[in-house]
Amino acid sequence: MPNKEREKFIVPIGPQHPALKEPGHFEFSVDGETVTGASVRLGYVHRGIEKGTEGRNWTQSQYLVEHICGICSHIHAVAYCLGVERLAGVEAPPRAQVIRELVAELERIHSHMLWVGVAA
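Going from the sequence shown to this note's numbering is simple: count from 1 and add 4.
Fair warning: there could be bad hints in the mix.
[Claimed, not checked] Label pairs and their computed distance ranges (CB to CB):
{"no.": "1", "residue 1": "50", "residue 2": "119", "range": "18 to 24 Å"}
{"no.": "2", "residue 1": "33", "residue 2": "94", "range": "50 to 56 Å"}
{"no.": "3", "residue 1": "57", "residue 2": "14", "range": "26 to 32 Å"}
{"no.": "4", "residue 1": "107", "residue 2": "40", "range": "42 to 48 Å"}
{"no.": "5", "residue 1": "36", "residue 2": "73", "range": "38 to 44 Å"}
{"no.": "6", "residue 1": "97", "residue 2": "74", "range": "27 to 33 Å"}
{"no.": "7", "residue 1": "122", "residue 2": "54", "range": "24 to 30 Å"}
{"no.": "8", "residue 1": "119", "residue 2": "93", "range": "34 to 40 Å"}
{"no.": "9", "residue 1": "14", "residue 2": "100", "range": "39 to 45 Å"}
{"no.": "10", "residue 1": "32", "residue 2": "118", "range": "54 to 60 Å"}
{"no.": "11", "residue 1": "75", "residue 2": "36", "range": "38 to 44 Å"}
{"no.": "12", "residue 1": "60", "residue 2": "95", "range": "32 to 38 Å"}
{"no.": "13", "residue 1": "42", "residue 2": "85", "range": "26 to 32 Å"}
The hints are simulated quantities; they were obtained by calculation from the structure and are not laboratory data.
Just so it is clear, CB atoms sit at the ideal spot from N, CA and C, and this is done for glycine as well.
Can you build the whole structure from these sequences, using the hints too?
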């Protein structure tokens, strides 16, 4: 049989795909079974949080920061609060620190279990 010239293909994946947790567009160049190139385009979920907090006071920005992610909202709020507390030169009471730590660990377990479900 004559040796056929192999065709090169571009395989697009995304921006919406069941295997992707967040939107993203990937293009793979393939030559037979070999991937010869790849390109990635991200930024489909840019929310402009920094711009959204401009002109707001710290309590108004807290609400916005808590809505960065619907799955892990607590840890974003904790990070924001720690930054505000450090700038203000105050420290949360020990009980509040323990509660933050506990909820953060529960959220971490939740995140890991979510990824186990996605991988299954």
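(message) The hint says 26 to 32 Å between residue 42 and residue 85; measuring C-beta to C-beta, is that right?
(response) Hint violated: Cβ distance 39 Å, outside 26 to 32 Å.
(request) Just tell me: holds or violated, for the beta carbon distance of residue 57 and residue 14 against 26 to 32 Å? (result) This hint is violated: roughly 40 Å between Cβ atoms.
(message) Verify the CB-CB distance for residue 50 and residue 119 against the hinted window 18 to 24 Å.
(response) 23 Å, holds
(message) Can you tell me whether the CB distance of residue 119 to residue 93 sits inside 34 to 40 Å?
(response) 38 Å, holds
(request) Could you tell me whether the CB distance from residue 122 to residue 54 stays inside 24 to 30 Å? (result) 28 Å, holds
(message) Verify the CB-CB distance for residue 33 and residue 94 against the hinted window 50 to 56 Å.
(response) Since the Cβ atoms of residue 33 and residue 94 sit about 54 Å apart, the hinted range of 50 to 56 Å holds.
(request) For the range 32 to 38 Å, tell me whether the beta carbons of residue 60 and residue 95 fit it or not. (result) With a Cβ separation near 24 Å, residue 60 and residue 95 fall outside 32 to 38 Å, so the hint is violated.
(request) State, for the Cβ atoms of residue 32 and residue 118, whether the hinted interval 54 to 60 Å holds or is violated. (result) Violated - the Cβ-Cβ distance for residue 32 and residue 118, about 27 Å, lies outside 54 to 60 Å.
(message) I want to verify a distance hint. Is the separation of the beta carbons of residue 14 and residue 100 within 39 to 45 Å?
(response) Since residue 14 and residue 100 have Cβ atoms about 53 Å apart, the given range 39 to 45 Å is violated.
(request) For the range 27 to 33 Å, tell me whether the beta carbons of residue 97 and residue 74 fit it or not. (result) Distance hint for residue 97, residue 74 holds at roughly 29 Å.
(message) Holds or violated: the 38 to 44 Å window for the beta-carbon distance between residue 75 and residue 36?
(response) 39 Å, holds
(request) Determine whether the Cβ-Cβ distance between residue 107 and residue 40 falls within the hinted range of 42 to 48 Å. (result) For residue 40 against residue 107, whose Cβ atoms are near 47 Å apart, the range 42 to 48 Å holds.
In this structure, the earlier hints numbered 3, 9, 10, 12 and 13 are contradicted, and the remaining ones agree with it.
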